[in-house]
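Hey, can you piece these two chains together into the complex? The hints should help.
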Amino acid sequence: QKEVEQNSGPLSVPEGAIASLNCTYSDRGSQSFFWYRQYSGKSPELIMSIYSNGDKEDGRFTAQLNKASQYVSLLIRDSQPSDSATYLCAVNERSQGNLIFGKGTKLSVKP
Amino acid sequence: ETGVTQTPRHLVMGMTNKKSLKCEQHLGHNAMYWYKQSAKKPLELMFVYSLEERVENNSVPSRFSPECPNSSHLFLHLHTLQPEDSALYLCASSLKVPRPSGDTEAFFGQGTRLTVV
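So the sequences go chain by chain: A and B. Every letter in the first sequence is one number past the one before it in this note's numbering, and letter 2, counting from 1, is 2. Every number in this note's numbering is 111 more than the matching position in the second sequence, counting from 1.
So that you can see chain B by itself, here it is in the shape it has in the complex (with noise of 0.2 Å):
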């Protein structure tokens, strides 16, 4: 148990189906991140909450939509998803701190497994 808990652990989907991911931590943490993970791929920041701002990567494609309302729950909205998009999606929070000072850790939730079929 590390304090993020990531619901559900696995997810099987078509490609015109809608669902959501949940994250929820109890650590006190003041930003919350998805991240993606495919095969032999970095770790892909693809959102981040801070201190109710949010900063995405232009990369992520309008088919994934964040919602986080408080800073401690973080959903990912999926819709018209494509097999590509089949990953480990991780959550994970933080203590974000002034600078110049760097951040603390960052702890990942057990993520969910999602399959686009």
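With the rest of the complex left out, here is chain A (with noise of 0.2 Å):
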């Protein structure tokens, strides 16, 4: 059984500092991974994808792969009210080729 595992928070930090959320995951052949953002009611959101060891900056967003220790983080600077949702790691497992995702991590920014 293929596992992708999160912290399911709620993470909470305060305006203009970083939040970092974690992810592990357990098919170590996985070759791509993926954050999305999920606001609530409303559909998961691509804001991420990173396939290489090591980090991957977008804007205020930086994810972070290391796939020896099947390990894959973001941290978010500059942290904004906007940016409170759930945040999702999903995982591409390599014998079909599917996203498995993991439960999320609520993450609330505080003004």
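These are computed hints drawn from the structure, not numbers from a lab. One or more hints might be untrue.
[To be verified] Listed below are the simulated DSS-like cross-link pairs for lysine-lysine, each with C-alpha atoms no more than 27 Å apart in a straight line:
1) LYS42(A) with LYS106(A)
2) LYS151(B) with LYS106(A)
3) LYS133(B) with LYS151(B)
4) LYS133(B) with LYS42(A)
5) LYS152(B) with LYS2(A)
6) LYS103(A) with LYS151(B)
[What the hints assert, rightly or not] Distance windows between CB atoms, simulated:
7) GLY59(A) with MET126(B): 44 to 54 Å
8) ARG224(B) with ALA68(A): 35 to 45 Å
9) GLY59(A) with GLY114(B): 17 to 27 Å
The beta-carbon is built from N, C-alpha and C at its ideal position, and this holds for glycine as well.
Quick look at the structure:
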């Protein structure tokens, strides 16, 4: 059973701080990793994808991947109240190539 | 507008009803998915149609029946549902590429909020 684990939170950070979201996965052969943001009552929205070890930056977002440790993270710099949402980690499992999602981490950014 | 359109957005149905959910994508993708999202549970993959092949989660009850007439359209036919089937049903699409490359990201529709009474 392929699994993706996330701390469900809630993670609460003050406005302007760095929010750090973590994810581990069980399928060592996975090649593709994604972070989705989901506002309450809405569908998931892709915010970052990462395929290689290391860091990938896009604006205030940085994704970090360590395949040896089977670990992927998302950093949000200068957090804003509008970043308050549930963040879903998704991993492409190798056998069928389908996305497996974690339960999500709820982030709350306090003004 | 994400390029993936789901209808209806909300649906209330009785346990003896038959209804269908519709999904349409205009992204040129070659794979489409049905996910179920229940409260406090991870997104559950129900069905995948990829390159005209169907893959299903064996835990999905037979009262859910998918149909994919072409690469742009996906349906989920519902019959004799139970109250515990009430959830957000999400359609997604992606572009599957040959191994060992990872597949591209999936894009979601707005979802259908289903309530079974």
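Violated hints - listed by number, lowest first: Of the numbered hints, all hold.
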